[in-house]
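Here is what each chain is made of, one letter per residue.
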Amino acid sequence: EAQVTQNPRYLITVTGKKLTVTCSQNMNHEYMSWYRQDPGLGLRQIYYSMNVEVTDKGDVPEGYKVSRKEKRNFPLILESPSPNQTSLYFCASSFVTRQGGGTEAFFGQGTRLTVV
Amino acid sequence: AQTVTQSQPEMSVQEAETVTLSCTYDTSESDYYLFWYKQPPSRQMILVIRQEAYKQQNATENRFSVNFQKAAKSFSLKISDSQLGDAAMYFCAYRSVEGGSEKLVFGKGMKLTVNP
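Chains A and B are the protein sequences, given in the same order. Number 640 in the numbering used here belongs to position 115 of the first sequence; there are no gaps in the numbering. Number 15 in the numbering used here belongs to position 18 of the second sequence; there are no gaps in the numbering.
Okay, chain A solo, but in the shape it has when bound (with noise of 0.2 Å):
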């Protein structure tokens, strides 16, 4: 079945103690993204990858890490949480379009963070 596969789906932290978020997808897409909801301001590009070590800043980066050494793989690190953090995060995945490939993205179940 083609998934995005984000863990975990909850998670409670303290301030400052980090933590990872992991997405995998099997499509064989190039394309990866993090996004966080937040109610009233809709979904906020985090950071994306379009490729196997290749990323870049999304429009709220600030705190936030990623890494890409798997074309499958797409963790989220967060070195030191705070509470303006706490947030719905979605890992998403599509081909890039003007490679030919298809336009839709698919999304992860979300991870809902409380950072106290």
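Distance ranges between label pairs, derived from CB positions:
#1 V539(A) with A13(B): 48 to 56 Å
#2 G565(A) with P113(B): 26 to 34 Å
#3 E26(B) with E526(A): 29 to 37 Å
#4 P586(A) with T0(B): 12 to 20 Å
#5 K52(B) with S605(A): 42 to 50 Å
#6 T15(B) with K590(A): 43 to 51 Å
#7 I602(A) with Q41(B): 18 to 26 Å
#8 E12(B) with P586(A): 37 to 45 Å
#9 L566(A) with T110(B): 15 to 23 Å
#10 T0(B) with L613(A): 18 to 26 Å
#11 Q66(B) with T611(A): 33 to 41 Å
#12 L44(B) with N598(A): 16 to 24 Å
#13 N64(B) with K542(A): 42 to 50 Å
#14 A68(B) with K542(A): 50 to 58 Å
In silico lysine to aspartate or glutamate, EDC-like type, Cα no more than 20 Å apart, as pairs:
#15 K582(A) with E595(A)
#16 K100(B) with D584(A)
#17 K582(A) with E95(B)
#18 K108(B) with D78(B)
#19 K100(B) with E555(A)
#20 K75(B) with E49(B)
#21 K596(A) with D581(A)
#22 K100(B) with D581(A)
#23 K52(B) with E26(B)
#24 K105(B) with D563(A)
#25 K52(B) with E629(A)
#26 K100(B) with E578(A)
#27 K108(B) with D563(A)
#28 K100(B) with D563(A)
#29 K105(B) with D584(A)
Keep in mind that the hints were calculated from the coordinates and are not lab data. All C-beta atoms, glycine included, are put in the ideal place defined by N, C-alpha and C.
Take the given structure of chain A and dock chain B to it, following the hints.
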């Protein structure tokens, strides 16, 4: 930078009736994609319908259809014969093709309630 605006934060519709969700966007690009995503209480992001900017014909998917007005930069979603399962948050999204980033930009979302 591209922006997507959903001006109505909430709407309600009677079961079996028709409802139209509005979306406008701002861009200087000529080639792009537009999407409507549905987010039910399960939080999963589900693609409802997509539209390629270079296609003049409006996309349709069963009870869902769009009214794409490229010159007006408008992309509304019409849901016919509304069902209780249509109750969800709906997000309009724009995917850039030009410029290299292929960024997916979301509106702030609209909550649809379906009354029995």
